[in-house]
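> Next come the chains, spelled out residue by residue.
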Amino acid sequence: MSHGMKTILLAILAVLGFFVPMILGGSGAVYAACVLIAIFAVMSYGLDMIVSDLGEVSLAHTVFFAVGAYTTALLSASAGFGPLLSLAGALLMALLVAALLGLVTLQLREFVFSLVTYAVAVVAATVAQNWSFLGGSDGLRGIPAFEISLLGFSARNDRELWPVAYLLLLAAIYVVSSFRRSRLGQAAMMVHLNPRLAVTSGVDPQRTRLQVFLLSAPITASAGWLYAYQRAYISADVLETYFLILMLTAVVVVGRRLLLGPLVGVTLILVQEKFFSFGGYVDKIILGSVLILTLSFLPSGLVGIFAPLRTLFARRQAPLGKPIPERS
Amino acid sequence: MNNRPVLEAKDLKVAYGGNLALDLPHLAVRERELVGVVGANGAGKSTLVNGLVGWSRGTPKISGKVLLDGRDISGLPTHERVRSGLLLIPEGKLVFTQMTVEENLSSTSDETDLGQGRRRYSTDEVYGLFPRLHERRHHLGSQLSGGERQMLGIARALRLGPRALLLDEPSIGLAPRLVSTVLDTVRSLVDSGLTVLLVEQNVRAAIEVVDRLVLLERGRIIAEGPAADMRDDPRIAEAYLGAHVA
Amino acid sequence: MNLTQQLVNGIVLGHAYALIAIGWTVLLGVARLVNFGHGQMYMLGAFVTWYGVSRLGLPYIVSIPFAMLAGVAVGFIMQRVMLRLTLKQDLVSIMIVTLGFGYVLHGAAALTFGSTGQILETPLSTQDIYWGDLWFTYQDIAIVIVAILFFAALKYTIDRTRIGRLARMVAEDPQLAALAGINVKRVYFGVFAFEGAAVALAAALVAPRTPILTSMGFDEVIVTFVVVVLGGIGSVTGSYLAGLALGLFTAFFGAFVSPAYATAAAFAVLIAVLVVRPGGLAVSPGGR
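Chains as they are written, first to last, in our numbering: chain S, 78 to 405; chain Z, -12 to 233; chain V, 60 to 347.
Because the hints were derived from the structure by calculation, they are not lab data. Just so you know, not all the hints are guaranteed correct.
To be verified - Reference excerpt, derived from the structure (chain Z facing chain V, CB under 10 angstroms, subset only):
{"hint": "1", "residue": "42"}
{"hint": "2", "residue": "43"}
{"hint": "3", "residue": "83"}
{"hint": "4", "residue": "208"}
Values in this document were obtained by computation on a predicted structure and should not be read as measured data. By construction, the Cβ of each residue, glycine as well, lies at the ideal position given by its N, Cα and C atoms.
Please construct the entire structure, taking both the sequences and the accompanying hints into account.
What follows is the structure, encoded as structure tokens:
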């Protein structure tokens, strides 16, 4: 397929995607599910870059999600900022937190890196539950409706919020796909697959890791921004493990480094939870089991089952984890 | 000398990512025989001994049969081949560096009945064979010299009750004087009843002690015969002994 | 504020922390594996003990091995599922899988035991001891004694017995261990079973100190992480000392600053250590 053809096809797909909730009947429940899918997919795309391209596991991405949501809640409810200004604030805060975390963990690799990020997430939850500035265990209420007076746009329900959610999703996908084609994306893959070669080719692994981290955090934070408006209140439950497991599962279940992988993954999970739920606890067991079974038995994801199809859709195969270099 | 092979390989093939590194239709080592495997770097010498125990630090594909005393052991995982008496002393890291000499020589298995032709050497016996190890018994593996590590590697294998011993380049990195000490020890082990397959790149030293010599090139055997005959083989003489055969 | 009382609290807490972390220390030291489901295994151990005592009417002393067996079973299943990843030493995937296991355990426990808090009452936890103006329970004494015995026995096993030597050989070099006739897979299974049993024992002893919830386990992971890293990865003696230090720190920080942020503060200390000497974290094989 030529590049031009591909672009046109993608454009058609992007336009068609907007009408999906209408095609599915356009009920309130469908719109609600679609908006959430878009938000959680954007959240997952941030982590996707770290896991699939950089080959590390950040367990602190729930923190970026929470930073986006809390910043939005504080700026909109307390300071009276509109959505665009609070988006800017959310992105800025996420960058700040990511820079801090990135600098602290710069020297750490593999499981120590993951342990520290996981600990950051757990500690962040404790802080959010106890710090009255963030509303403590009550959370922050009174987030106003999504209204951009400059454009005369206002969204009071999920149906009206859908265009915003869909635009955000397209933007996230665009950023990830541009990233993969960019020099930074190539450098990240090199650092992931062959650090020694990367260094000899003039790539600075630490710098690359920090840059990817800084790019990935605002993506996840932007999902938190919209989530704050969608829910109209924010509490420490945005830091629950659920979001972490959701992101990780979405990133690995379909197949890594597939552009639409996280979106399809989130869709599968949310459709199950919203329309075929067996109750919260059983859903937990299902989601966790999917994550376990995928990584243990389907290293290339669901796509791996349909091996012939894979050649059509898959980009370069990349193992998620490298074996540890031998100790001798 | 009994003619029945102790160790036999049939159609042994080892491939790394599609590249055939070893293609061995047949190789046999008889009771109380010391067979030397020689060849250039990358000829597949280490691949051969590693393949016999199904062991590697990479992930090769191994096919073919390995027989120990006529019993097919190629379906067994490495540790079980080791337990049935086929012991490899690998090249490179061959002792536990974080453990003392004594701990390295401690038994890893408590089986007492080893079966025909096998005997577990006692600690005193291996110390008698390598007095140097006795002197250094409280030192860590990491504190040993190259020669001492080689001795410890062999001693460790003897403690496990070998039926056949596979030695991968024991002379590598050793001073010339030590090379002959180590090889002489191997020879005396064979004379006292052991069966050994010895990989050596030092052909000049190896040819002095082995009964039979196998020459490998690009994963295949290109010459094979009694050491005395092979000494005059032009492929050996020219390439490895530096002599021109008239 | 009574300083001596805080010292007593810190010592008890420290032994509790060391006991909670020991399974992970061995797991990391011997098998170079991590388990993010550790906290949920702790939770499960606490609930199985509670179930044995208050639902089945078993004596506390019988409920403890019962919980440990459950821990062994969970560890065994985890290792069976992850075996391919373990042998490949694909740590990144292992981390995520164990995180998934923790999540599943949480869901399963909430389904089985309900999501309301419970009190695990034991014959020891209800008996107070007053000594001057100091206060503690027999449960606290049991924690300290069991922790010391457990660590001593473990240290002896690793340094002096055949099993310990096998584990150290696998820790240093699994491939060379196979050439020594060691069944490496079996050692990995054993280590995971030990981790399950050890954390269940810790839970059975420590959980009676506070109400138990199926959603707990996160603090325990952080505590374990701090103990394992500060103690020197894989070091048994180091874990004991680090656990004790962390316990004292938590007790005093909780008393003088804020109990809610005690875990966060411990973690902040760790971060500081990590930033100052990231190289000090190299895995030292041997599990000593």
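> Each of the hints needs a verdict: does it hold here or not?
To see whether the hints hold, each was checked on the structure:
1. Evaluation of the residue 42 of chain Z hint against chain V yields a held restraint, the C-beta minimum of about 6 angstroms falling below 10 angstroms.
2. For residue 43 of chain Z, the suggested interface contact is upheld, since its CB lies about 8 angstroms from the closest CB of chain V, less than 10 angstroms.
3. Because the beta carbon of residue 83 of chain Z sits about 5 angstroms from the nearest beta carbon in chain V, less than 10 angstroms, this interface hint is met.
4. A hinted interface residue such as residue 208 of chain Z counts as satisfied when its beta carbon comes closer than 10 angstroms to some beta carbon of chain V; here the least separation is about 25 angstroms, so the hint is violated.
Violated hint for the displayed structure: number 4, the only one.
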